[in-house]
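There are 4 protein chains.
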Amino acid sequence: MKPLRIGLIGYGFMGRTHSNAYRKVNNFFQLEHQCVLQAVCARDAAKVKAFAENWGYQSIETDWRKLIAREDIDAIDICTPNNSHAEIAIAAAKAGKMILCEKPLSMNGPEGRKMVAAVEKAKVPNIVWYNYRRVPAVTLAKQLIDEGRLGRIFHYRAKFLQDWTISPELPQGGAGLWRLDAKAAGSGVTGDLLAHCIDTAIWLNGGFEKVNAMTETFIKERKHTLTGKVEKVGIDDACAFLARFQNGSLATFESTRYARGHKALYTFEINGENASIFWDLHDLHRLQYFDYRDQSIVRGWRNIHVSDGDQPYMKHWWVPGLQIGYEHSFVHQVADFLKGLETGQPAGPTFREALETQFVCDAVLKSAKSQKWEKVAKAR
Amino acid sequence: MKPLRIGLIGYGFMGRTHSNAYRKVNNFFQLEHQCVLQAVCARDAAKVKAFAENWGYQSIETDWRKLIAREDIDAIDICTPNNSHAEIAIAAAKAGKMILCEKPLSMNGPEGRKMVAAVEKAKVPNIVWYNYRRVPAVTLAKQLIDEGRLGRIFHYRAKFLQDWTISPELPQGGAGLWRLDAKAAGSGVTGDLLAHCIDTAIWLNGGFEKVNAMTETFIKERKHTLTGKVEKVGIDDACAFLARFQNGSLATFESTRYARGHKALYTFEINGENASIFWDLHDLHRLQYFDYRDQSIVRGWRNIHVSDGDQPYMKHWWVPGLQIGYEHSFVHQVADFLKGLETGQPAGPTFREALETQFVCDAVLKSAKSQKWEKVAKAR
Amino acid sequence: MKPLRIGLIGYGFMGRTHSNAYRKVNNFFQLEHQCVLQAVCARDAAKVKAFAENWGYQSIETDWRKLIAREDIDAIDICTPNNSHAEIAIAAAKAGKMILCEKPLSMNGPEGRKMVAAVEKAKVPNIVWYNYRRVPAVTLAKQLIDEGRLGRIFHYRAKFLQDWTISPELPQGGAGLWRLDAKAAGSGVTGDLLAHCIDTAIWLNGGFEKVNAMTETFIKERKHTLTGKVEKVGIDDACAFLARFQNGSLATFESTRYARGHKALYTFEINGENASIFWDLHDLHRLQYFDYRDQSIVRGWRNIHVSDGDQPYMKHWWVPGLQIGYEHSFVHQVADFLKGLETGQPAGPTFREALETQFVCDAVLKSAKSQKWEKVAKAR
Amino acid sequence: MKPLRIGLIGYGFMGRTHSNAYRKVNNFFQLEHQCVLQAVCARDAAKVKAFAENWGYQSIETDWRKLIAREDIDAIDICTPNNSHAEIAIAAAKAGKMILCEKPLSMNGPEGRKMVAAVEKAKVPNIVWYNYRRVPAVTLAKQLIDEGRLGRIFHYRAKFLQDWTISPELPQGGAGLWRLDAKAAGSGVTGDLLAHCIDTAIWLNGGFEKVNAMTETFIKERKHTLTGKVEKVGIDDACAFLARFQNGSLATFESTRYARGHKALYTFEINGENASIFWDLHDLHRLQYFDYRDQSIVRGWRNIHVSDGDQPYMKHWWVPGLQIGYEHSFVHQVADFLKGLETGQPAGPTFREALETQFVCDAVLKSAKSQKWEKVAKAR
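Residue numbers (our numbering), protein chains in the order written: chain A, -15 to 364; chain B, -15 to 364; chain C, -15 to 364; chain D, -15 to 364.
Honestly, I wouldn't trust all of these hints.
Where chains are identical, the list cannot tell them apart; a pair therefore holds if satisfied intra-copy or between any two copies.
[Said to hold, decoys possible] Below 25 Å or equal to it, Euclidean Cα-Cα: the simulated DMTMM-like pairs (lysine to aspartate or glutamate) are:
#, residue 1, residue 2
1, Lys194, Glu16
2, Lys362, Asp47
3, Lys105, Asp56
4, Lys356, Glu104
5, Lys247, Asp294
6, Lys204, Glu193
7, Lys247, Asp278
8, Lys126, Asp278
9, Lys194, Asp320
10, Lys247, Asp264
11, Lys216, Asp294
12, Lys194, Asp58
13, Lys362, Asp28
14, Lys247, Asp292
15, Lys356, Glu153
16, Lys126, Asp267
17, Lys299, Glu326
18, Lys216, Glu55
19, Lys247, Asp267
20, Lys359, Asp56
Hints were generated in silico from the structure; no laboratory data involved.
One chain only, chain A, in its complex shape (with noise of 0.2 Å):
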């Protein structure tokens, strides 16, 4: 097997969640590639060496620009703020390593644009962790698009609702907290949140034309951890928006963290001439499928429990009935990713791919101060 040397950058949630794929992938999936979990990257010497010595990695680095000069990694994982991302992806790409970059891609389109050409140039592998394409109850609903049981598109929706910045007693800013300072997030659930729902609608509905939003901002000051002063807020708290698809369909768009009740319900539906199919993140392993084409007196919504070893992924894991978990999407994007490499043919999103979900939240947030349909800029 071939060693591929990974240098991660950033030990937060997500460094957690592309550490323990990268310990798991091999055991699971037969690759040509065996992960090796070489360095870990952060400013604090001493958290990161805690890290390091937590998930196995090999060594440590303090200075993101040395651990892309080391001639031992193939591979830099970016898990920083997003504000950070284009500045150490376009650095990796020149140093010739493969990128896997956490979404956002970037803080815009314009910086995604720089991005993208840095490492098509540099031919370097790379892919945004756009992880819910690969859950397997979604893989399944692409796969069952992409088999035309759907026809004529009429409709799409997609909703991701969380509660938990509800207390104005919550601060912006810091550690964990980075997603409530526009300057570390550059927007609030619209890059965070709604980026997901964008990916996923782009891949199993097409490109959009033009968009239609709000955005509001309900707790309008809160103390910034790192100044210790109460500063505006400069995140959208909340996002709206219809849509336009080119296939014709209408969309209606949606992402707060003032929704009571929902811890992280992230749910899509897609309505078809023929068929339907929803899916609910809180509820990850299952999907609804209702086909017009069943018999009219036993027609219902399918509850299809996704655990069976001819549905996407599942016969790596257990047995029918028993089901996986959220970190098992980022496992699937690693094999996908590694066998990718083996193929030649690239798992995606990659970073060019991942651009045009950036260029509809432009549009987004465009239009959410122009209060007017906005055009979504072209990717491609």
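We have chain A; now place chains B, C and D onto it with these hints.
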């Protein structure tokens, strides 16, 4: 249209459901007969008068024998406590009246056999109010089974769980509470709730071979409303039993009034080699159906919203998606009874058919005492 | 009891639901007034006669002006297509009749304003049949909100999804299909389905400030039943809109008749800082309620089976656990209308209250054309 | 950190779940011991070598006696078919090894008693892999019960339904199919599936008093993989039993591999005077909880998404709303076993505790033959 002049005996909960059914049936079903609320009978003259006014009965009686003797009555509807069914029904049969008798048919099998003999000798149309057969989702289950979709049957399981008698302060006996008084009710949950489960099971799965039961009375003494004294409780608060059907399938049945959280959770499930069916009274307008012959990757329990015109009874009501409720099962029963008069194909369960349930109940109660398997006596 | 002599105009789907309500209400509610089915009116004499016989109307008319002129009629019930509501209602008001008008009130806001003026000038009791307010679970939602349990409201979202017009073979116009004919219906899903969602939303969440909508007509031409020719379809097949309420909450609304798998999926959800509520017409007897103040380890959405005597309207029906259905919302509306006559506190929505919904619909349709945010005109 | 050197015997389905647990536990839990995959043992040298390479075991053995004799092994993990548990465990105990034994403990109670004697004489830490105790929702159920929230317990009911052996073409015996061979498995669903239900029930509801069972073998003969001949099937395909617990509650248990539509539907429900709990393996990350002390109008089953940091085990994983799966229950068991070594409070079920389940299974199988109630022998 021919009038069908009803004489109702008893005005409790069932008196209301039946009266409502008689009033509605001709608005929704095209039938030769027109129900006429001719008379209602009960011992308390003031109360029966108020009931008659409320529901539009044209006259009252306080002695059921007088009601039966009246020439302007075509059908007697028996809604009294269980211990008076036999006497009234036998008298009504002798008087040549059609009979619609509340369930359970009788206090026990031998008593029921006399009632069957009486109606068959008199050749009067007769039916027992096992209304759940005519919830559209249940009727659809019957249709699917009759079409042979399930294949060989392996398992049947039914439950009827309630929680309204948990408080030891609840008295026994008297209006509304005669179900807790063994003298009036004969048994507790066995005759009241399991009788429903058994009737449905016989209808869907054929005859019982033998049963093995346990019963329990959790609250041993309760104040009796009629005597004012604390008296021993004679009914079964809970009953569970194993069963074997004549078709080789295995079954479990359970009923209790001590299942906190369940108001009237009557559920049944039947597992065949090719397909399975599940139903739940708390969502009575839905049927769950699983068909193994569906393509494997999209196989799942179908959640069928039984509200379309091609599903049983539903063309008589509203439009797809708009649910009907509990009371409609009684309307359907009247409609079918009247249709049976037209066609000469009597709607079931007739007294003879309902007698089977009585013998199962007898075997269940006997087994609970003998602590052994008990054969079910033949009703036919 | 005082008689309330009803004159019904129109005998379609709504004519049936209203007739059923008038026939049942006095059996289940103690009221001063007794509904009397005095007359039914429609142009086709044979059909209206059959309808009258079926439902027990004592007389018929074929000209609604004659009906309104009759002295033995107390209340006019308007069940005709939308484009005749105004003319009939204004004439009935002038004749001093009470009016129960099907929803939507009118073809548009200005027309509705004339109707409001007419009933207010004539001082006749008036109500519009937005029946979903009186599904017990929805009424319970209102009660919980009025008690202040939700706290500050952040989000409201509602959908009304159907799938019955997907086939291009379906014609427009004529009996039962006038909802597809813009001349008779005024609009498509906006006036038919979103009007329901908007009425509930105003009731639960207060007034709208502005809206931003998109509409689509998927099938551009359909055969017209009346002309026999293929004609352009003038209605909106689908409509989605963003909204801002006066209380600062954000909202999304969507309706379509092209959502495969949904017969009549009217759902709404409201998220407050302390609690959230969800309801679904397909299981109308349930309310989902989440209360953040529950102890954290056992916090979850409560699935409330709204069938207990202390929940709205339910003491009038059966026993806990036994569900009622769609038709009962109409019975409740009649009961409340009659109670309003007794108490002098009119039941809503009155014409004036229902006018608000009309102005929201106007703004929605205007926005769909202007492609901009549109303010909602004040109805009061 | 202290190493805990594991010697695993058997590499089937359970060999994989345990290996995964040993590899992951130290990444997610702070513990004194570090699991070391020291050796794996099975008869087929080529296969065991491949397994070792896949999972990172440092060495292999083909004779379990040699494994037990090795000084560099601290703990023996027994993943072989049921008929070899006793011999291996007794030898391992004599060799002073800690033992982690797959369930069920033994072929029957008397055999299990010898195993208990062996580990207790040798004073070696021991545990049985009844992993479902450590699904967070199940552990939460235990916590709620221990807090006394349910009050007096009236009912317990459990089912474990599968459908994978319905085809008569499926052979018995050999790798992966030894569960159909009575010689290797001891029994069918009773030892395989009901043992899980019984273990959970004892843990949650205390000891059994007596049972009354029926069993069935639907497919009487199957080809045997090892002999190549059609042979009589000796296992129970289905088993249902009534039970009474020492705390006075009534119970029903059922398991089958012939319930079409259910892959691994392990459910249990417990009804107390104040509250009830329901859990379902097909959605293992949720717990259903009903509390009668909730205010009546908003009382309902709470659907708890067990994914918050204050719920059992969940602080070790991801963030609220993101579910874990089946495999994590094994990680938790290793974590608790290791924590037990630290604290001297052994994690359960120990061999002695698991012996109780064995005696219940014995009584169940005896009752199925005797057709009578059978007392459950005391394990302590």
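Treating 25 Å as the Cα threshold, decide for lysine 362 and aspartate 47: within, between, both or neither.
Cα proximity of lysine 362 and aspartate 47: none, with 35 Å in one copy and 61 Å across.
Are the CA atoms of lysine 362 and aspartate 28 at most 25 Å apart within a copy, between copies, both, or neither?
neither (40 Å within a copy, 58 Å between copies)
With identical chains, the pair lysine 247 and aspartate 264 could be close in the same copy or across copies; at 25 Å between alpha carbons, which is it: within, between, both, or neither?
Classified as both: same-chain Cα gap 12 Å, cross-chain 21 Å, threshold 25 Å.
Homo-oligomer pair classification [aspartate 278, lysine 126; C-alpha up to 25 Å]
So lysine 126 and aspartate 278 pass the 25 Å test inside a copy (20 Å) and across (19 Å) alike.
State whether the alpha carbon distance between lysine 247 and aspartate 292 is at most 25 Å within one copy, between copies, both, or neither.
between (27 Å within a copy, 9 Å between copies)
Given identical chains, is lysine 247 near aspartate 294, meaning Cα to Cα at most 25 Å, within a copy, between copies, both, or neither?
So lysine 247 and aspartate 294 pass the 25 Å test across copies only (14 Å; inside, 31 Å).
Alpha-carbon proximity between lysine 216 and aspartate 294, which holds within one copy, between copies, both or neither at 25 Å:
neither (51 Å within a copy, 31 Å between copies)
Check lysine 105 against aspartate 56 for me: Cα-Cα at most 25 Å, and say if that holds within a copy, between copies, both or neither.
within (22 Å within a copy, 53 Å between copies)
When no copy is named, should lysine 216 and glutamate 55 be tagged within, between, both, or neither for a Cα gap of at most 25 Å?
neither (44 Å within a copy, 64 Å between copies)
Under a CA distance limit of 25 Å, which applies to lysine 359 and aspartate 56: within one copy, between copies, both, or neither?
Classified as neither: same-chain Cα gap 44 Å, cross-chain 62 Å, threshold 25 Å.
Reference check for the pair lysine 194 and aspartate 320, CA-CA at most 25 Å: within, between, both, or neither?
For lysine 194 and aspartate 320, the Cα distance exceeds 25 Å both inside one copy (31 Å) and across copies (47 Å).
Same-copy or cross-copy closeness of lysine 299 to glutamate 326 [CA-CA at most 25 Å]
within (20 Å within a copy, 37 Å between copies)
Consistency note: the structure conflicts with the earlier hints numbered 1, 2, 4, 9, 11, 12, 13, 15, 18, 20.
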